[in-house]
Amino acid sequence: MWYPGAHRRRRRSLSRPDKRARPAPDLIGRDFHAERPGTKLVGDITCLPTAEGWLYLACRLDLATREIVGYAMAAHHRASLVVDALRMAHGRGGLQPGCITHSDRGSEYTSAEFRSEISELGLRQSCGRTGACFDNAAAESFWALLKEEIGTRTWPDRATTRAEVFAFIETFHSRRRLRKHKVFGCLTPAETRQRHQHTLAA
Numbered sequence: 001m002w003y004p005g006a007h008r009r010r011r012r013s014l015s016r017p018d019k020r021a022r023p024a025p026d027l028i029g030r031d032f033h034a035e036r037p038g039t040k041l042v043g044d045i046t047c048l049p050t051a052e053g054w055l056y057l058a059c060r061l062d063l064a065t066r067e068i069v070g071y072a073m074a075a076h077h078r079a080s081l082v083v084d085a086l087r088m089a090h091g092r093g094g095l096q097p098g099c100i101t102h103s104d105r106g107s108e109y110t111s112a113e114f115r116s117e118i119s120e121l122g123l124r125q126s127c128g129r130t131g132a133c134f135d136n137a138a139a140e141s142f143w144a145l146l147k148e149e150i151g152t153r154t155w156p157d158r159a160t161t162r163a164e165v166f167a168f169i170e171t172f173h174s175r176r177r178l179r180k181h182k183v184f185g186c187l188t189p190a191e192t193r194q195r196h197q198h199t200l201a202a
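By full-length UniProt numbering, the letter at position 124 of the sequence shown is numbered 124, and the numbering carries on one by one without gaps.
It should be emphasised that the hints constitute simulated quantities derived from the structure, not laboratory data.
Predicted model only: the values in this text are computed from it and were never measured.
You may find that some hints are simply not true.
Label-pair ranges, simulated between beta-carbon atoms [said to hold, decoys possible]:
no., residue 1, residue 2, range
1, 178, 112, 36 to 46 Å
2, 171, 76, 35 to 45 Å
3, 159, 22, 38 to 48 Å
4, 195, 112, 36 to 46 Å
5, 130, 195, 35 to 45 Å
6, 156, 195, 21 to 31 Å
7, 119, 156, 33 to 43 Å
Glycine is no exception: its CB is placed at the ideal position from the N, C-alpha and C atoms.
All chains should be modelled from the sequences, with the hints used to inform the complete structure.
Right, here's the structure in full:
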């Protein structure tokens with residue numbers, strides 16, 4: 001069975017882009033590295049098939065730790081979905097003033113609602129080019145890992161899907177999945193964040 005990723009051309013948008021605003025510049029430039037947590041985030045939306053219909057998932061990934069610091073799920077992909085994910089990231093991700101928050105140019109991210117939230121939180125918006133998936137490769141890589149781990153089936157309902165996504169993000173990805181850090185060695189995303197905090201405190 002074909003399993004959808006974040007293919008925006010294949011679905012109608014539910015959010016209106018702010019046509020008066022100029023597109024945000026690309027402040028990442030395919031440099032998916034950050035020295036400190038809370039300084040560079042990437043985000044995207046994917047959709048998961050259930051017998052009740054699609055479940056849309058928006059995430060915010062911290063490039064310093066590769067931890068998902070913010071996410072939201074809903075039966076729609078209006079701008080409020082990505083706003084909720086960003087608010088969660090701001091609440092628990094220790095975002096620094098001027099933190100870059102990167103995405104593609106989907107209408108959810110170019111909406112007035114999302115831009116207003118960016119401004120209110122004191123962050124900087126960054127957008128890749130239209131149709132250039134490699135401009136947001138770190139987020140795409142996370143979707144590939146999620147699909148590999150939780151499978152590609154159609155779930156019986158949205159509640160089951162939510163539970164599996166929650167367990168994957170909060171348990172497996174954050175606390176069990178090891179990745180090599182150039183300074184700290186092989187650590188989980190949660191351990192990487194803790195090591196950064198310990199280093200800053202010292």
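Hints versus structure:
no.	hint	result
1	178 <-> 112: 36 to 46 Å	holds (41 Å)
2	171 <-> 76: 35 to 45 Å	violated (26 Å)
3	159 <-> 22: 38 to 48 Å	holds (41 Å)
4	195 <-> 112: 36 to 46 Å	holds (39 Å)
5	130 <-> 195: 35 to 45 Å	holds (37 Å)
6	156 <-> 195: 21 to 31 Å	violated (40 Å)
7	119 <-> 156: 33 to 43 Å	holds (41 Å)
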